[in-house]
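A.B. asks: Sequence:
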Amino acid sequence: MSIDRENNSLNAKVIYDLTSFTHLDYPNHLSCIVWFSGCNMRCDYCYNKDIVFAKDGKYSYNDILDFLKTRVNLLEAVVLSGGEASSYDLVPFCQKIKQLGFKIKLDTNGTNFLHIKELIDLNLLDYVALDYKAPEAKFTQITHSNKFDEFSKTLDLLINSNVEFEARTTVHADLLSSDDINEIIIDLKNRGYKNSYFIQEFLETEKNIGDLKRAKNKLDKSSLRSDLEVIFR
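For what it's worth, the working numbering labels the leading residue of the sequence shown as 1, then goes sequentially.
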């Protein structure tokens, strides 16, 4: 997906919503979450359906910056999430956030490789949570996109960078099995990933993109490989 350079004005209303406080989303940091509208994937289990399909937002970059000015010395960091935040030109926004003294965490599916590289090269990211959606053979089925190669480049970029990051997978056990998760673990290990690997279990809500219900199958946690530390959320 090409980066939306047309909406890089700080007055562009591309932000769907704001969570003003969280102590869960950025490890060991009090943060807020900026939710960007739109996404280049359509993962069946995604419960942020309204955000994914939104074409615009409630807030502009400047609206968020005005809020952040009132949170200096109260919050430590800003989490950029969505949707897919990296679909937008984040450089001007991130530079302004940094000028206010906040750290920045990016939640991403990793499919906008060049833009994520740009953000890293400019030292604008302090932490990245990278969604490893599925093994390559199931990637299109899970995400309804053909972006595995872009994701793969971003994964290698992060492994070879100095940016702190985590790899994580959301699991609906009717879509991904323990064999699939083991394939991901092997791939991460072979690429040189040394951090913990996080598994987020499917959150059943009233609405998700694929109208999924609770899984009929169960993930066999006992059969998962021990090459990496696996943490369930």
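Treat each hint with caution, since some may be false.
In the DSSO-like style, the derived pairs of lysine-lysine whose C-alpha atoms are separated by at most 27 angstroms in a straight line are [stated by the list, open to error]:
#1 98 <-> 138
#2 49 <-> 213
#3 189 <-> 147
#4 138 <-> 58
#5 213 <-> 194
#6 147 <-> 96
These aren't lab readings, by the way, just hints derived from the structure by calculation.
A.B. asks: Compare the distance between the alpha carbons of residue 147 and residue 96 with 27 angstroms, and conclude whether the hinted pair is satisfied.
C.D. replies: Violated: residue 147 and residue 96 sit about 30 angstroms apart, past 27 angstroms.
A.B. asks: For the pair supplied as a hint, residue 138 and residue 58, confirm whether the alpha-carbon distance does not exceed 27 angstroms.
C.D. replies: violated (35 angstroms)
A.B. asks: Against the 27 angstroms threshold, does the CA-CA distance of residue 98 and residue 138 hold or violate the hint?
C.D. replies: violated (38 angstroms)
A.B. asks: Could you grab the alpha-carbon distance between residue 189 and residue 147 and see if it respects the 27 angstroms cut-off?
C.D. replies: Distance of about 21 angstroms is within 27 angstroms: holds.
A.B. asks: For residue 49 and residue 213, compute the direct alpha-carbon distance and say whether it is at most 27 angstroms.
C.D. replies: holds (15 angstroms)
A.B. asks: Are residue 213 and residue 194 close enough, with their CA atoms no more than 27 angstroms apart?
C.D. replies: violated (34 angstroms)
Hints 1, 4, 5, 6 from the earlier list are contradicted by this structure; the remaining hints agree with it.
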